[in-house]
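Asker: Sequence:
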Amino acid sequence: MSIHVIGVIGLVIAFVIGTIRPINLGTLGFVLTFLVGAFVVGETPREMYAGFPVDLFILLVGVTYLFGVADANGTVARVVEGSARLVRRRRALIPWMVFGVAAAPAMAGALGSTGVALLAPLSMRLAERCDIDRRMMGLMVIHGAAAGNFSPLNVLGALVHQAVTSRGLQLSVGALFAANLAYNLVLAAVIFLVFGGRRLLSAGTIVPASMAQRDRDTAEGQPLRVEHVCTLSSLAVVAVAALGFGLPIGFVALTAGAVLQLLFPASSAGAEKRIAWGVVILVCGIVTYIAALQRYGTVGAVGSAIATVGSPMTAALLLCAVGAVTSAFASSAAILGAIIPLASPLLLGGEVAVTGFVIALSLSATVVDAAPFSTVGALVVANARDDERTMVYRGLLAWGAVMVVTAPIVTWALFVLGRTGS
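Residue 144 in the numbering used here sits at position 144 of the sequence shown, and the numbers go up by one each step.
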């Protein structure tokens with residue numbers, strides 16, 4: 001049995017066990033990395049450690065730690081209360097406002113994970129405060145960020161453009177951006193309707209009793225304390241450092257959180273306990289194992305085999321499917337960078353439209369980021385309240401599975417089928 005078959009079977013077994021037994025999938029991911037790496041491939045510990053996503057670990061820990069401090073000292077509550085009073089009679093617009101705010105940094109060039117890291121904690125608290133389904137709000141943040149993914153200023157857009165043009169092919173950057181924006185807008189409309197949007201619309205300007213009571217309770221309010229002002233300033237500094245100067249948001253958030261806890265130890269006590277360690281283990285374990293499969297060449301082997309399929313149209317569909325499945329667990333940029341070269345012979349033959357295929361592949365590899373194993377999906381789950389985290393995780397898992405199945409088929413039908421040339 002080949003290493004590729006063993007690796008895929010291991011992943012399937014992990015998901016089955018994780019479904020029927022109360023064990024963290026990330027733990028199983030680490031175990032599989034060890035078992036397959038040490039006893040099948042013969043890797044050293046250093047080689048196995050190479051797949052651990054240090055950047056993702058720092059991002060998740062740093063962001064949840066900083067917002068743990070902000071939550072502990074009451075700053076998050078103050079921001080959410082103020083936002084709720086401003087929009088409480090326009091609750092149906094809140095998810096769309098979040099979608100737009102999440103899209104803006106990505107369109108301006110920031111990585112989608114940066115905008116989600118900054119927006120998800122406050123958005124999830126605002127959803128709780130305004131009686132909006134947390135799954136809806138989390139998915140609106142994710143797909144809002146995804147809507148800006150292929151802006152001409154965005155890193156992903158530049159990566160795809162370079163990967164295509166370096167092989168002598170032509171790509172319409174405007175068409176890629178417009179198609180991605182439109183597709184994510186349609187998905188946002190579906191999310192809005194599926195997760196309670198009609199209830200928000202039918203409620204009109206009615207304010208839920210719980211919200212009205214809380215507004216009365218906080219009507220007089222309390223002045224901002226020194227720690228609130230310092231925390232808000234720290235959040236602003238983190239945003240500017242990450243979005244404006246491209247500094248790693250995880251490290252910046254850790255630094256800001258540590259400074260705040262040093263300055264105000266009493267009001268921020270226990271902030272480190274609010275780090276979502278279960279989510280950190282889940283995502284890092286699965287990503288470590290997927291990185292091992294990439295190291296063994298499993299993804300490349302599958303892609304190469306598909307690229308030799310007799311029918312170019314069928315090969316294009318299968319490549320989109322591979323991009324969707326693997327990107328749900330791994331870096332979208334890495335998957336796009338790996339599959340586009342595999343598809344070059346297919347595209348140079350002229351039987352498959354270059355721009356159409358790239359659009360289909362790019363969408364297939366990015367809309368699945370709503371899955372809880374991706375960076376942005378994990379950020380949303382990590383920032384859900386403890387007693388709601390399982391619900392949010394399952395909601396994102398179900399939505400991500402739907403994206404994995406539908407995105408390759410729908411985008412292939414829309415942008416590839418029946419078209420030729422670039």
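Read the hints as simulated data drawn from the structure, not as lab findings. Just to be clear, a hint being listed does not mean it is correct.
[What the hints assert, rightly or not] Per label pair, the in silico range of CB-to-CB distance: (1) 388 to 13: 46 to 56 Å; (2) 224 to 168: 17 to 27 Å; (3) 2 to 27: 17 to 27 Å; (4) 202 to 301: 29 to 39 Å; (5) 263 to 300: 18 to 28 Å; (6) 13 to 109: 15 to 25 Å; (7) 223 to 175: 50 to 60 Å.
For clarity, every value in this text was computed on a predicted model and none was experimentally measured. Glycine residues also receive a C-beta, built at the ideal position from the N, C-alpha and C atoms.
Asker: Could you run down the list of hints and mark each one as holding or not?
Answerer: Hints and how they fare:
1. 388 to 13: 46 to 56 Å: The hint (46 to 56 Å, Cβ to Cβ) is violated, given that residue 388 and residue 13 are roughly 29 Å apart.
2. 224 to 168: 17 to 27 Å: violated (59 Å)
3. 2 to 27: 17 to 27 Å: The hinted range 17 to 27 Å holds for residue 2 and residue 27, with Cβ atoms some 26 Å apart.
4. 202 to 301: 29 to 39 Å: violated (52 Å)
5. 263 to 300: 18 to 28 Å: violated (50 Å)
6. 13 to 109: 15 to 25 Å: Violated: the Cβ-Cβ distance is about 41 Å, outside 15 to 25 Å.
7. 223 to 175: 50 to 60 Å: holds (52 Å)
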